[in-house]
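J.: What follows is each chain in one-letter form.
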Amino acid sequence: MPAIKIQDLDYTYNDGTVALEHVSFEIEKGESVALIGPNGAGKSTLLLHLNGILHSSESRESVRILDESVDPKKIHEMPKKIGIVFQNADDMLFMPLLGDDVAFGPINLGLDKEEVQRRVKDALEMVGLAGYEHRVPHHLSGGEKRRAALATVLSMEPEILAMDEPTANLDPKSRRELIEILRRFKEKGKTLVIITHDVNAIPELAERVIVLDKTVIADGPTRDIFSDTEMLVKIGLDVPVITQLFEILRCFDYPCDVLPLSIEGAVTNLTETMKGGDGHVHLHIHEHTHSGISSARSKYHIHVEKHE
Amino acid sequence: MISEIDIYAGLSSPIHRWDPRLKVISILALIFSIMLLYDLKLVIISMLFAIILVYISRIPFSFVVGRLKWVFLFLMPFLIILPFTIIGEGVEIARIGSITLNFRGIESVEFAVMIVIKALTAVMLIFPMIGTSRMDITIKALEDLHLPNKLVQMLAFTYRYIFVLSNEFMLMERSLTSRGFKRGSNLYTITTLSKAIATLFVMSYEQAERVFYAMRSKGYAGKVTTMHEFSLRPQDWLNAVVVCGFAIFVQVAVWYGTLEGA
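In order, the protein sequences belong to chains S and Y.
All residue numbers for the first sequence refer to my numbering, where the first residue is 1 and numbers rise by one.
All residue numbers for the second sequence refer to my numbering, where the first residue is 1 and numbers rise by one.
Each hint should be verified, as a subset may be incorrect.
[Unchecked claim] Cross-link-like lysine-lysine pairs, in silico, DSSO-like; alpha carbons within 27 Å at most:
#1 S:Lys113 to Y:Lys182
#2 S:Lys73 to S:Lys29
#3 Y:Lys69 to S:Lys74
#4 Y:Lys150 to S:Lys80
#5 S:Lys73 to Y:Lys150
#6 S:Lys190 to S:Lys29
[Unchecked claim] To give an idea of the chain S side of the interface with chain Y (calculated C-beta under 8 Å), a few residues:
#7 Leu48
#8 Ile75
#9 Phe104
#10 His138
#11 Thr152
#12 Met156
#13 Phe185
Treat the hints as calculated values from the structure; they're not laboratory data.
Built from N, CA and C at the ideal position, the CB exists for glycine as well.
Produce the entire structure from the sequences given, and follow the hints as far as they go.
T.: Structure, rendered in structure tokens:
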């Protein structure tokens with residue numbers, strides 16, 4: 001049974017701006033998917049369709065969550081199935097105390113008091129904010145706010161978690177913490193959808209990538225999508241730095257058929273190469289090395305028009 | 001960052017420990033009772049009672065006086081106008097064109113003073129009522145007192161978003177200053193700031209919409225409920241008896257006064 005099934009979804013804003021056109025894809029239960037695309041590609045708009053907050057008459061029945069079509073009249077029943085974390089944490093934290101914010105969803109689900117309290121405790125623990133129940137949300141730091149916003153959704157224990165830009169504007173430590181929290185959620189077998197520009201985080205979080213630019217441009221395993229540099233660069237997206245580095249290493253005769261996407265991949269790749277090379281890695285400079293490097297670099301160079 | 005409204009909420013005093021629900025109801029009853037008074041002596045006694053409450057609450061008098069100053073500024077006209085406008089015919093003391101100024105005797109001065117003291121007392125009582133609990137707890141107390149949910153939500157959101165809006169405005173002002181804007185008493189300042197405020201309104205509207213989306217995503221269907229629980233101790237009731245008792249006492253005193261007068 002697919003967790004999310006979108007069939008021919010269209011959406012146009014009131015001012016006539018087309019946000020989504022014929023979007024179709026399916027996400028299986030337990031899958032983790034990164035949704036990437038340039039700014040203004042309709043990613044956030046798509047996210048708001050997943051629980052029926054945005055909807056249009058022409059696309060009725062287009063979105064199905066856990067095999068049930070999303071009914072805009074029954075949005076309040078959606079949080080059990082899908083939790084959405086918005087980009088701006090301040091939008092998610094609207095109660096006087098963090099404990100109230102985290103309890104907000106479970107209370108709306110009609111759970112009894114003990115269960116609400118348990119969920120608040122669990123959710124705060126999960127995001128590393130145990131004991132923060134009586135903190136005032138607007139006094140938290142940026143990283144804490146982001147995790148707090150995530151806790152307000154995790155407390156509803158949704159089957160699917162969809163998060164808009166989880167790592168944007170975070171310091172490296174906060175970014176790392178957030179990635180770990182999402183990894184743990186994923187390891188529980190839950191379905192994860194993340195919108196992100198942080199290509200270096202994708203290999204850790206998602207095994208599949210959907211490229212969106214008003215419509216689905218590409219959809220496939222993370223590795224395949226990141227191999228299609230031409231397509232990514234064309235719509236203004238990036239490839240993980242590690243991948244770029246190994247492509248450069250290839251110009252120095254480093255034997256590498258499949259480019260690694262993450263540090264972990266790089267470690268495995270280097271270890272294997274060294275095993276094959278009697279404990280050494282051999283790099284060489286040839287006549288064609290420099291031209292190879294320039295062509296590899298220009299491949300990733302996003303073309304920006306110069307204004308005189 | 002502690003908002004000014006909560007600045008003394010963290011102190012420890014019998015008023016701080018008082019259950020916010022009984023506190024709000026009792027002091028509100030006292031305020032109403034005082035507003036019904038028209039006897040200078042009773043009003044002065046009430047003011048003394050209010051001063052005692054502020055003293056017990058340990059909110060610094062300088063803070064209270066600092067705010068009462070503005071209230072007094074607003075009340076000043078009463079002191080000046082009332083002695084010439086109410087009670088009896090009065091004695092003409094001046095004539096400017098077609099306007100005659102009639103002094104209406106010492107009673108009218110007393111009346112004006114009574115009105116001003118009464119208003120100051122009522123405002124003074126707000127400090128122990130609101131200033132001794134954190135605002136969010138007070139809001140919860142109001143909710144617990146079955147104030148209409150919509151009203152409670154409005155209060156809660158106003159309180160929450162004052163910070164967001166003031167922060168946005170601060171950022172906006174910084175960005176203006178960093179681009180060479182200097183506040184002055186000229187038209188340019190006024191137009192620039194009014195444009196900034198207009199943008200702030202649009203931004204707050206958009207943010208309100210996003211918050212509403214977030215609430216809907218979390219199952220909101222029109223009612224906000226929270227987990228906080230209050231518990232009443234005998235001391236809470238005792239405090240209520242003292243404060244409400246005083247409110248009743250002044251009314252009984254008025255009643256006896258009219259009986260004697262008759």
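J.: Checking against the hints above, which ones are violated?
T.: Of the numbered hints, 1, 3 and 13 do not hold.
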